[in-house]
Each structure stands twice: as C-alpha cells, then as structure tokens.
Amino acid sequence: MNVVFYISGAVAVLTTAIAITRRNAAHALLYLVVSLLSVALVFFTLGAPFAAALEVIIYAGAIMVLFIFVIMMLNPAGGERAGDAPLRDWRLWIGPSILSAILGLELVYLFAGNVAGSTGAGEVVPVQVGVILLGPYVLGVELASILLLAALVSASHLGRRALPGEEENPEGKGGS
Amino acid sequence: MAQVPVEHGLMLAAVLFALGLVGVLARRNLLFILLSLEVMLNSAGLAFVVAGSHWQQPDGQILFLFILTVAAAEVSIGLALVLLFQHRHQSLNVDDASGMRG
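Chains as they are written, first to last, in our numbering: chain B, 5 to 180; chain Y, 8 to 109.
Since the hints were derived computationally from the structure, they do not count as laboratory data. Heads up, some of the hints might be wrong.
To be verified - The calculated label-pair distances, taken between Cβ atoms and stated as ranges, are:
| no. | chain 1 | residue 1 | chain 2 | residue 2 | range |
| --- | --- | --- | --- | --- | --- |
| 1 | Y | VAL22 | B | VAL129 | 24 to 30 Å |
| 2 | B | GLY117 | Y | LEU91 | 49 to 55 Å |
| 3 | B | VAL7 | Y | ARG35 | 36 to 42 Å |
| 4 | B | ASN6 | Y | ALA33 | 28 to 34 Å |
| 5 | B | TYR113 | Y | PRO12 | 17 to 23 Å |
| 6 | B | VAL7 | Y | GLY106 | 50 to 56 Å |
| 7 | B | LEU109 | Y | LEU91 | 41 to 47 Å |
| 8 | Y | VAL77 | B | SER160 | 15 to 21 Å |
| 9 | Y | PRO12 | B | ALA116 | 21 to 27 Å |
| 10 | Y | MET107 | B | LEU96 | 37 to 43 Å |
No experiment lies behind these values; they were computed from the predicted model shown. Note that CB positions come from ideal geometry on N, CA and C, so glycine has one too.
Throw the hints in and build the complete structure from the sequences for me.
The structure is reproduced here in structure tokens:
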C-alpha cells in the first residue's frame, strides 16, 4: 500500500508546516493533531500497528490534551469574542476536517482492500513487541518508570504553591 | 505489493525533523517551541519505526515506546515551566528570559 504511505506522508509534512506557522496556538494544535494522526497511519502502513495505536492514544490523545489545558489556562488569544459560535467561522475547522477526511478515506481503503494493514513484507505484531519489551528490554521499562516518576515529582513541585510557613517564591519581581 | 523503500521513510522523518527544528529556531513563543520539540521527537520515533520495519524487528517499536515516554515526561515539565514563565513575565516570549538574576 505504497500510495497510502505517500499520501499520509504528504499530509504529515503539510500539516506540520502549517502548524508551526500559525499565530493562534489553538489553531496550530488542530493541525498538529492531524499531523500526528497521519504519522500514525504511516506507522500502520509500515507494519507497526502497535506504534500506530500508541501514537494516536498518547501523542494525539494525552500530550495534545496537556497542550490544550495549558492554552486554556493561559488564554493567549484574549481578543476572541466570548459570544462567537465556534462553528460559525468555517475557515477555522475546514482545513483540518478535509485533511482528516483524507486520512479516514485512506483507512477505509486499507480495510476495504483486505490487506490487513501491512505493506506486504510482514508486520511486526504487538505480541512480538511485548515479548521483546519484557524480555531483553525490561531494564529500559524500569528506567522509563523511574523517568515518569521523576517527571511527576518535578511537575508537582513546579505547580505547587508555597506552604503557609514557607518563604514565598520571589515571583513577580523576576525578569531583571 | 512492493514495500515502501526505507529511504523514503527516512526522508519523511528528516523533513519532519527539519520542520520542527525550523519551528524551534524561528518561533519566539514558548508554547510553539515546545510544540516543535514534540514534532522533532516524533520524527525521531518515526525513523526508529521505519528502521524496525525495514529489518522486520520489534526493536524499532520498543525504542519508539521509550521516546514516547521521554516526550510525555518532557512535555509535562515543559508545560509546568510555561505556566511559571507566564506567571512571572506576563508573556510567552522567550526573549523576555534572556537575562539572569544577579
């Protein structure tokens, strides 16, 4: 299924290029989600369905949701009117929708063609990945868990407020 | 049904990496810099998966899994820092943080 690979790759490059040149962070995120979805489709055509699923679940799901939370907390747009119906301005969502529709059509084509997602040279099924991951790579899994714990601790430290007895962080007078 | 040449997959990864690099270098908004970093990490993972698919080994997907872990840890700390930055400087321009205290 070479054609699916090339179309997905073209969509990925196009949406990434659009995403890094947007002014509005929320619009950039829309395009970046489409880019991640198309990379997931590239993984699928390369015979890596496990990586494709992880790409959709973790990258396009969890990490992008984190970005959306931060954008909502920062509210950098500021100038947008509160009463605007989000669907009224069709120029905002028509681009990502068309590109997502292309990706969806590719997926339908893959499944309708009865090719089971592989490029024909055999795919690496999740079972193989799991066996190797918890075999020779089990030390890496432990290291990854320690890394995630460290990230949890530091994010919690950065996000906390000073306790009543503690010295207040010198925020607000920074910048000099 | 011919397989996709490995060069084309690596070229796609290189183009995505270059786009992310351009984003990091050209944008001055901290949020966009983090976003471009995600693009770069993702393209590195794409290169691993392409290589793993070329040699029919699951190692590429496992390395992608580790890159995913690193990306998740990096983005959680990075976004916490973005919030602190906004609180301190009232803007997201990284040039505001070009000086050090003292």
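Evaluation of the provided hints:
The beta-carbon spacing between VAL22 of chain Y and VAL129 of chain B, approximately 29 Å, falls within the hinted interval of 24 to 30 Å. Take GLY117 of chain B and LEU91 of chain Y: their Cβ atoms lie about 50 Å apart, and the range 49 to 55 Å holds. As the Cβ distance of VAL7 of chain B to ARG35 of chain Y is approximately 39 Å, the hint placing it in 36 to 42 Å holds. For the pair ASN6 of chain B and ALA33 of chain Y, the supplied restraint of 28 to 34 Å holds, since their beta-carbon distance comes to about 33 Å.
At roughly 21 Å, the beta-carbon separation of TYR113 of chain B and PRO12 of chain Y lies within the given 17 to 23 Å, and the hint holds. Checking the proposed 50 to 56 Å range against VAL7 of chain B and GLY106 of chain Y shows it holds: the Cβ atoms sit about 53 Å from each other. In this structure the supplied range 41 to 47 Å holds for LEU109 of chain B paired with LEU91 of chain Y, their Cβ-Cβ distance being about 43 Å. Between VAL77 of chain Y and SER160 of chain B the CB atoms are about 19 Å apart, so this pair conforms to the stated range of 15 to 21 Å.
Between PRO12 of chain Y and ALA116 of chain B the beta carbons are some 25 Å apart, a value that agrees with the proposed interval 21 to 27 Å. MET107 of chain Y and LEU96 of chain B have their C-beta atoms about 40 Å apart, which keeps the hinted 37 to 43 Å range intact.
Violated hints are absent here; each numbered hint is respected by the structure.
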